[in-house]
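Chain W: place on chain D using the hints.
Protein sequence lines correspond, in order, to chains D and W. Heads up, the final residue of the first sequence is numbered 456 in the numbering used here, and it's a clean run with no missing numbers. Heads up, the final residue of the second sequence is numbered 456 in the numbering used here, and it's a clean run with no missing numbers.
Read the hints as simulated data drawn from the structure, not as lab findings. Any given hint might turn out to be false.
Okay, derived cross-link-like pairs now, DSSO-like style, lysine-lysine, Cα gap no bigger than 27 Å in a straight line [what the hints assert, rightly or not]:
{"#": "1", "chain 1": "D", "residue 1": "K189", "chain 2": "W", "residue 2": "K172"}
{"#": "2", "chain 1": "W", "residue 1": "K141", "chain 2": "D", "residue 2": "K141"}
{"#": "3", "chain 1": "W", "residue 1": "K179", "chain 2": "D", "residue 2": "K192"}
{"#": "4", "chain 1": "W", "residue 1": "K20", "chain 2": "W", "residue 2": "K153"}
{"#": "5", "chain 1": "W", "residue 1": "K141", "chain 2": "W", "residue 2": "K73"}
{"#": "6", "chain 1": "W", "residue 1": "K73", "chain 2": "D", "residue 2": "K182"}
{"#": "7", "chain 1": "W", "residue 1": "K73", "chain 2": "W", "residue 2": "K189"}
{"#": "8", "chain 1": "D", "residue 1": "K179", "chain 2": "W", "residue 2": "K189"}
{"#": "9", "chain 1": "W", "residue 1": "K189", "chain 2": "D", "residue 2": "K172"}
{"#": "10", "chain 1": "W", "residue 1": "K150", "chain 2": "W", "residue 2": "K410"}
{"#": "11", "chain 1": "W", "residue 1": "K150", "chain 2": "W", "residue 2": "K20"}
{"#": "12", "chain 1": "D", "residue 1": "K179", "chain 2": "W", "residue 2": "K179"}
{"#": "13", "chain 1": "W", "residue 1": "K136", "chain 2": "D", "residue 2": "K141"}
{"#": "14", "chain 1": "W", "residue 1": "K172", "chain 2": "D", "residue 2": "K136"}
{"#": "15", "chain 1": "D", "residue 1": "K182", "chain 2": "W", "residue 2": "K189"}
{"#": "16", "chain 1": "D", "residue 1": "K182", "chain 2": "W", "residue 2": "K182"}
{"#": "17", "chain 1": "D", "residue 1": "K192", "chain 2": "W", "residue 2": "K150"}
{"#": "18", "chain 1": "D", "residue 1": "K192", "chain 2": "W", "residue 2": "K172"}
{"#": "19", "chain 1": "D", "residue 1": "K179", "chain 2": "W", "residue 2": "K182"}
{"#": "20", "chain 1": "D", "residue 1": "K136", "chain 2": "W", "residue 2": "K136"}
{"#": "21", "chain 1": "W", "residue 1": "K150", "chain 2": "D", "residue 2": "K189"}
{"#": "22", "chain 1": "D", "residue 1": "K182", "chain 2": "W", "residue 2": "K192"}
{"#": "23", "chain 1": "W", "residue 1": "K182", "chain 2": "D", "residue 2": "K192"}
{"#": "24", "chain 1": "D", "residue 1": "K189", "chain 2": "W", "residue 2": "K73"}
{"#": "25", "chain 1": "W", "residue 1": "K192", "chain 2": "D", "residue 2": "K172"}
{"#": "26", "chain 1": "D", "residue 1": "K189", "chain 2": "W", "residue 2": "K182"}
{"#": "27", "chain 1": "W", "residue 1": "K172", "chain 2": "D", "residue 2": "K171"}
{"#": "28", "chain 1": "W", "residue 1": "K192", "chain 2": "D", "residue 2": "K179"}
Computed list of chain D residues with no C-beta within reach of chain W, every gap over 10 Å [stated by the list, open to error]:
{"#": "29", "residue": "T45"}
{"#": "30", "residue": "D79"}
{"#": "31", "residue": "R378"}
Beta carbons: idealized from backbone N, C-alpha and C, even for Gly.
Number of protein chains: 2
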Amino acid sequence: MHFASSATSLVGTLRDRRQKLAKLVNFPVVLWSGATISRNFAANTFPFRASSHFLYFAGLPLENAAIRLEDGKLQLFMDDAPDSSTLWHGETAKREEVAEIIGADVAYPLTGLKFNVYKSATIPVQNIVTREWQSKLLQRKASLEGIDFKLAKAIAQLRLTHDDAAIEELKKAAAVTVKAHKAGMTATKNAKSEAEVRAAMEQVIIANNMSCAYSSIVTVRGEVLHNNHYDNLLQPGDLLLADVGAETSTGWAADVTRTWAVSGKFSSTQQDIYDVVLAAHDACIAKICPSVEYQDIHLLAATIIAQGLVDLGILRGIPEDLVAMDAHALFFPHGVGHLLGLDVHDMEDLGDIAGYEEGRTRSDRFGLCYLRLNRPLRAKMLVTIEPGFYQVPAVLNNPDTRAKYQDVVKWEQLAKFADVRGIRIEDDVLVTENGSEVLTEALPTSEDAIANLVNE
Amino acid sequence: MHFASSATSLVGTLRDRRQKLAKLVNFPVVLWSGATISRNFAANTFPFRASSHFLYFAGLPLENAAIRLEDGKLQLFMDDAPDSSTLWHGETAKREEVAEIIGADVAYPLTGLKFNVYKSATIPVQNIVTREWQSKLLQRKASLEGIDFKLAKAIAQLRLTHDDAAIEELKKAAAVTVKAHKAGMTATKNAKSEAEVRAAMEQVIIANNMSCAYSSIVTVRGEVLHNNHYDNLLQPGDLLLADVGAETSTGWAADVTRTWAVSGKFSSTQQDIYDVVLAAHDACIAKICPSVEYQDIHLLAATIIAQGLVDLGILRGIPEDLVAMDAHALFFPHGVGHLLGLDVHDMEDLGDIAGYEEGRTRSDRFGLCYLRLNRPLRAKMLVTIEPGFYQVPAVLNNPDTRAKYQDVVKWEQLAKFADVRGIRIEDDVLVTENGSEVLTEALPTSEDAIANLVNE
Chain D
1 MHFASSATSL VGTLRDRRQK LAKLVNFPVV LWSGATISRN FAANTFPFRA SSHFLYFAGL
61 PLENAAIRLE DGKLQLFMDD APDSSTLWHG ETAKREEVAE IIGADVAYPL TGLKFNVYKS
121 ATIPVQNIVT REWQSKLLQR KASLEGIDFK LAKAIAQLRL THDDAAIEEL KKAAAVTVKA
181 HKAGMTATKN AKSEAEVRAA MEQVIIANNM SCAYSSIVTV RGEVLHNNHY DNLLQPGDLL
241 LADVGAETST GWAADVTRTW AVSGKFSSTQ QDIYDVVLAA HDACIAKICP SVEYQDIHLL
301 AATIIAQGLV DLGILRGIPE DLVAMDAHAL FFPHGVGHLL GLDVHDMEDL GDIAGYEEGR
361 TRSDRFGLCY LRLNRPLRAK MLVTIEPGFY QVPAVLNNPD TRAKYQDVVK WEQLAKFADV
421 RGIRIEDDVL VTENGSEVLT EALPTSEDAI ANLVNE
Chain W
1 MHFASSATSL VGTLRDRRQK LAKLVNFPVV LWSGATISRN FAANTFPFRA SSHFLYFAGL
61 PLENAAIRLE DGKLQLFMDD APDSSTLWHG ETAKREEVAE IIGADVAYPL TGLKFNVYKS
121 ATIPVQNIVT REWQSKLLQR KASLEGIDFK LAKAIAQLRL THDDAAIEEL KKAAAVTVKA
181 HKAGMTATKN AKSEAEVRAA MEQVIIANNM SCAYSSIVTV RGEVLHNNHY DNLLQPGDLL
241 LADVGAETST GWAADVTRTW AVSGKFSSTQ QDIYDVVLAA HDACIAKICP SVEYQDIHLL
301 AATIIAQGLV DLGILRGIPE DLVAMDAHAL FFPHGVGHLL GLDVHDMEDL GDIAGYEEGR
361 TRSDRFGLCY LRLNRPLRAK MLVTIEPGFY QVPAVLNNPD TRAKYQDVVK WEQLAKFADV
421 RGIRIEDDVL VTENGSEVLT EALPTSEDAI ANLVNE
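Here chain D stands alone, though its shape is the one from the complex:
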């Protein structure tokens, strides 16, 4: 077992978290960590990732473990590794040692769990084997209903804003992610393929003993939003879009995107669009402070992009009207960002419980349906701000779309911007008492500063 955190502060942090939870729920809570998952055969597994809810209250990525929380007390359930595993996995921390590190009041073997789940709430974990175990012990399906739903709402309320220990970890993830992006920029000049730039970026994450919070996107085809292929060769006129983020050993994530010219120098059309996206990015961040509606930030990005495209002669009309008819979404089809924390889309396993204020639901509008966060901001929330511009053939070549937006898109003018496939600029922004702090501010957004790194 390898624990980087200082045990003293971990104990206090975890105590605070469960005491806050105890004020929100009047039932016991059992959270499972999950288990390793086989890749191509049983012994060849994917790297273990503990459930984020477990990590929040247990602090450590323990495999095959569970915790019980009641009235601020913490019970740990885990088995000591069998002696036979020492040969293969070395000495691992014993249950009693782990209990001390995390400040558990008491610790039992896993067999004790079945006597302690009665009337407990839980959150279903991703691992299906563990989920079946949850259902079996609870004698009901773990499914975000009933008290599980109440628990999900309570946990969402806690995890929506970050405590000092969380922010410390999030800053570590952000700092390594900044380094990774700088390494990617610097590697571009001599790289022949997307894969080589990706490698330079992930090397930084691995060297810092972190993992990737999500599958990296490093592509010259930025218009494919979740492009996880890396086999394109880099051409001088290409834009390279890199969406790469680190995750600390206890699960805290960063999520950053930059787009730069492979040659180090934008074409004039690329520069024009980049400036529009950057203006949206900067304006959104400037607007962030407590009680601002995140949807308004999204609409601000949409409006600035619409205004920019009008100025470039790509769209025709009044920006606010264009946004009202979702014309911006032809080029900016996703939300301006999302919650960030232990998950890169924080608490997305809870559906929209965390992302949407109670009583709100997703819009049907093309320009709003992908918005993952719709709440008034609060201090210590961490959100991404990630406006973008993409030319997605499936969107722009759709005959219905072309008909619907016939009068507002100047297609001939748009054709001049063919060398802009996709641009996104994304930072991680902590809401503060009177504004915001950009955790990833050390990574430049200006063309010149990025070009300096590419040409280094």
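Just chain W, lined up with the frame of chain D:
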């Protein structure tokens, strides 16, 4: 969809493979590819890894697909991606295009599968959701029994030896793995931690658009056989053991270990033990040729290690006698290697069906029970050769062990070798008609050649 292989040769290769299978089984065969698996929330998945048996007969890592093989014919079952996925994942190859690339005789949507599984055999995939789907469609548990067992034996017979297309891929994986190890050696001088050396190695694999065939081991604590932590700092007197292998995009693996001095220079005790392990490594490879029993190669390694430890005054007695009483296994507790192919422990999902000649079972002996391969070698088999020496506290400090081997281990002499925690030297060796070809030969094993890379 991104396919590196040349379509022409892929079609021919896959036809040959299923025609060979048709000669071994008289029932239809349905193989599933599996599906992506969620990490911390549904949309955040581990990288997809198709089932190796599927890859062998379908050639491409198709997600959520199945193939049916009968009398040398190939039917493909897959759904085209919905239009809505284009925004996120771009244009993907349609069923009919994939069918052409792999030479399928006919292609159907997945719904067609249920009409085509009657009396078919299958191999259970690792992904549990897909496995439940297999059981549901087959109306029985997919469990390596009955005709599934017959199929497993037939597939093992085919996959035991590699065709030209497989060898081509295996050589690609080996070549990138060699580069990765060289990069690790070169990075050591300026690296402060295991993680930094690991990063330098995996960077090469990622840059070549491959993935890691298994979780890398890069550790100064080589005595922990499957050590997947990377947080130790490098100290001048340390040995660094790196067991890292690449896997090509169609699933073919390499598996290589080297052990080198962090300082570039072994201590005299490290040099002594390294020379023993290297002697075993070289002798085992020299002995490889068709019809040699792999267990005899294992015992040869054991005997050379025992002899070397006798020469160093660590063991006392006749090497053959020491091996007969498993004294070598105090320091060399694992098998000398295993099959290598689409899985790093090839076909380990079939238990010992592939690894053990029919009628043979695992030994109870401590010195043999971890041997994963016990067959006479045949041309075009690919095996690893990986003798090692480890000082595992749990083994050496066990009172029963100390009592049992009291007369043969000179504990005081052993204590002088305290700076040798673990050494392993592993190469990938293809059995040829009259000997062997070491696919990873370009990676040096001699101390001097490695030191040159470390000191580069």
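Checklist entry - Has the given pair, K150/W with K189/D, been kept, meaning a C-alpha gap of at most 27 Å? => result Violated: K150/W and K189/D sit about 54 Å apart, past 27 Å.
Checklist entry - Is it true that the CA of K179/D sits at most 27 Å from the CA of K189/W? => result holds (21 Å)
Next on the checklist: With the threshold set at 27 Å, check whether the alpha-carbon distance from K20/W to K153/W stays at or below it.
Outcome noted: holds (13 Å)
Checklist entry - Is the hinted pair K182/D and K182/W satisfied, with a Cα-Cα distance of at most 27 Å? => result holds (25 Å)
Next on the checklist: Between the alpha carbons of K182/D and K189/W, is the straight-line distance 27 Å or under?
Outcome noted: Between K182/D and K189/W the Cα gap is close to 23 Å, so the pair holds against 27 Å.
Checklist entry - Would you say T45/D is clear of chain W, with no C-beta pair closer than or equal to 10 Å? => result violated (7 Å)
Checklist entry - Regarding the pair K192/D and K150/W, is the alpha-carbon distance no greater than 27 Å? => result Given pair K192/D, K150/W is violated - Cα atoms ~47 Å apart, limit 27 Å.
Checklist entry - Has the given pair, K189/D with K172/W, been kept, meaning a C-alpha gap of at most 27 Å? => result holds (26 Å)
Item to check | Restraint check for K192/D with K172/W, where alpha carbons must lie at most 27 Å apart | outcome: holds (19 Å)
Checklist entry - Keeping to a limit of 27 Å between CA atoms, is the pair of K136/W and K141/D held or broken? => result Measuring from Cα to Cα gives roughly 21 Å; hence the hint holds.
Checklist entry - Taken at face value, is the distance from the CA of K179/D to the CA of K192/W at most 27 Å? => result Holds. K192/W to K179/D sits at ~17 Å (cutoff 27 Å).
Checklist entry - Keeping to a limit of 27 Å between CA atoms, is the pair of K179/D and K179/W held or broken? => result holds (24 Å)
Figure legend: structure checked against the earlier numbered hints; hints not met, in rising order: 6, 7, 10, 14, 17, 21, 24, 27 and 29.
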